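Construct the entire structure; sequences and hints are all you get.
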Amino acid sequence: MKKKLLSVLLLVFASSQAQNVQGVYGDFNWFNNWTNFKPKTQDYAAPSRILNGEIGENTTLKKGTYLIMGSVYVVNGATLTLEPGVVMRGDFDSNGTLIVTKGSKIKAEGTETDPIVFTSSKGTSDRKSGDWGGIIIYGDAPVNRYGGIVSSIYDPNPKYNLFGGNNENSDSGVLKYVRIEFAGKKLNEKTMLNGLTLGAVGKKTKIENIQISMAKDDGLEVVGGTFDMNNIISFQNADDDFDFSMGAICTMSNSIAIRNPYISDNTRSRVMEIDTYDKLENFDPTRKKTVIKLNNVTMVSNEDNAMGLVKEAISVKTDSFVEMNKCVISGFASVVAMDDKYLEKENYKQIKIVNSVINNCTEVITNENLVKAETPSDWFTQKDKVNSITKISNINMFKSNDVRKKPDFRLK
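Numbered according to mature numbering (1 follows the signal peptide of the UniProt record, and there is no 0), the sequence shown spans residues -20 to -1, 1 to 392.
Honestly, the hints are just simulated from the structure, not real lab data.
None of these values were measured; they are calculated from a predicted model.
There's no promise every hint is true.
PhoX-like cross-link-like pairs, simulated, lysine-lysine; straight-line CA separation at most 25 Å [to be verified]:
hint : residue 1 : residue 2
1    : Lys259    : Lys170
2    : Lys259    : Lys273
3    : Lys170    : Lys291
4    : Lys352    : Lys321
5    : Lys273    : Lys365
So the derived label-pair ranges between C-beta atoms look like this [unchecked claim]:
hint : residue 1 : residue 2 : range
6    : Asp319    : Ser380    : 16 to 22 Å
7    : Ile30     : Asn168    : 21 to 27 Å
8    : Thr59     : Asn275    : 26 to 32 Å
9    : Val366    : Glu34     : 52 to 58 Å
10   : Thr93     : Ser380    : 20 to 26 Å
11   : Asp319    : Asn149    : 23 to 29 Å
12   : Thr266    : Thr21     : 22 to 28 Å
13   : Ser105    : Asp258    : 37 to 43 Å
14   : Asp106    : Asp264    : 41 to 47 Å
Note that CB positions come from ideal geometry on N, CA and C, so glycine has one too.
Below, the structure is given as C-alpha cells:
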C-alpha cells in the first residue's frame, strides 16, 4: 500500500512539474538514443531489397535496409508495416518517395533504442538536402477547399493524388520513433517535396517522436486534417520547419524547431507558416479555418551572432489562428509576423501567447516587413498571460545547445 501511495505521489509531482515548465520538458532528455544530429556521418548498410511501384496488400518489412525506387505507393487500403530498426534509403536518381494513399496506412513504430530511419541513398561524404523525395501520407479528414477534396501538387498521378473528406477520425497509421533525413527533392521550378507531408490525416493517426533533419524544403507540411502530435524535432531544414494550411486543426506538444540561419534558404523561411487558404477563391467559408495550438514548443535560432539573417518565428496569415502556451521562442526578429489585413481592427488579439518565454527577440508582433505592430503596450504582459521577456544567450538559456554533441534544449 505504501509503495502504491508513493508511486501515485511521484506521478502527481511529475505532472505538476510538467505543468509549470516552459519549452520542451521531461524528467530526462528525451532526445537521447533515437535521434541523430550528425546524419552525414552515419554509416548505413547497403540496401538488400528494392521497393518500387505499388504495394497493394498488407506488407511487413523486417529489420533491414531497403531502397525506395521512384514513387512507391501504398494502395487499395493496404497497410505497410515497418519493424523497429528498418532503414529506408530514398534513391537519388529516381527521386525515391513513399506515398501512402487515401484509405491506406503506414505503421512505422520504432523504439527509443531501435528507431526507423528514412534517409539518402548516397554515402556519408555525398549526402545533402534534397537527395530524395520524402514521405507523403493522404487521408480523408476535412480540408476547407470547396468540395472537400484536394489534388496534391506533390504527385502528378491522378489515380492516387487526391485527399480529403469528412472523416475527422480518419486513421492513416502510426509514425513513432522515426527519423527522416535529407529529403525534399525539387520536382520542378516551383515545387519541392518536404520531409514529411500529411494531407488530411485524422485524429486516429499517431505522430510522435519524429526527427526531420536537413530537408530541402519544409520539414513537416500539414494540409488540412485534424490530429495531435508530440515530441517532434525539426533540425536545420532549409525552408519552414512546420507549415499548416487549408483548415488544419492541430495541437503540437513538447516539440522543438532548431534553426540555423546559415542553412535556411532565401525564400523567407521561418519556424512556422500558418495559412487558412492558398487562394481566397478556393476557400469554403462553411468549413473550418486553420487553428494551431502549441504546448511546450521551443523555437530556437541557434546562432546568437546571426540576428541580421533571422526573420520571424511564426508567420500567420489572415483568418488563421495560433495559440501558444508554455512555449520558448529564442533568437528571432519577431515572434509573430502578420499580414496587414490581419493587423486591422485589433485582430492580433486572436493570437494567444500565454505563460511563455520570449528570449532575444527584437519584437513580439510585427507586420510582414517586421515593422512593429501598434499593439497596446500591456497586451503581451498582462497579468493573466504571465509571459516574460529575457535577454540570455542560448548557451546560458538551455542545458546544452551544442548540436555537435548530444543537445538538451530543456531550460536550465
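Here is what the structure says about each hint:
Note on lysine 259 and lysine 170: the hinted pairing holds, with a Cα-Cα distance of about 16 Å set against a maximum of 25 Å. Annotation: proposed proximity of lysine 259 to lysine 273 holds, straight-line Cα distance about 23 Å (limit 25 Å). Only pairs whose Cα atoms come within 25 Å are accepted, and lysine 170 paired with lysine 291 is accepted, the gap being roughly 22 Å. Among the hinted pairs, lysine 352 with lysine 321 is consistent with the structure: their alpha-carbon atoms are about 15 Å apart, no more than 25 Å.
For the given pair, lysine 273 sits about 16 Å from lysine 365 by alpha-carbon distance, which is consistent with the 25 Å threshold. In this structure, aspartate 319 and serine 380 break the distance hint of 16 to 22 Å, their C-beta atoms being roughly 37 Å apart. Hint check: isoleucine 30 to asparagine 168, Cβ distance near 26 Å, so the stated range 21 to 27 Å holds. Distance hint for threonine 59 and asparagine 275: a CB-CB separation of about 30 Å, consistent with the stated range 26 to 32 Å.
The hint said 52 to 58 Å for the Cβ distance between valine 366 and glutamate 34, and at roughly 53 Å that hint holds. Against the hinted window of 20 to 26 Å, the Cβ-Cβ separation of threonine 93 and serine 380 comes to about 21 Å, which satisfies the hint. In this structure the hint that aspartate 319 and asparagine 149 lie 23 to 29 Å apart at CB is violated, the actual value being about 33 Å. Take threonine 266 and threonine 21: their Cβ atoms lie about 51 Å apart, and the range 22 to 28 Å is violated.
Checked against the hint of 37 to 43 Å, the C-beta distance between serine 105 and aspartate 258 comes to roughly 39 Å, which is consistent with it. At roughly 46 Å, the beta-carbon separation of aspartate 106 and aspartate 264 lies within the given 41 to 47 Å, and the hint holds.
The structure fails hints 6, 11 and 12 (numbered hints given earlier, in ascending order).
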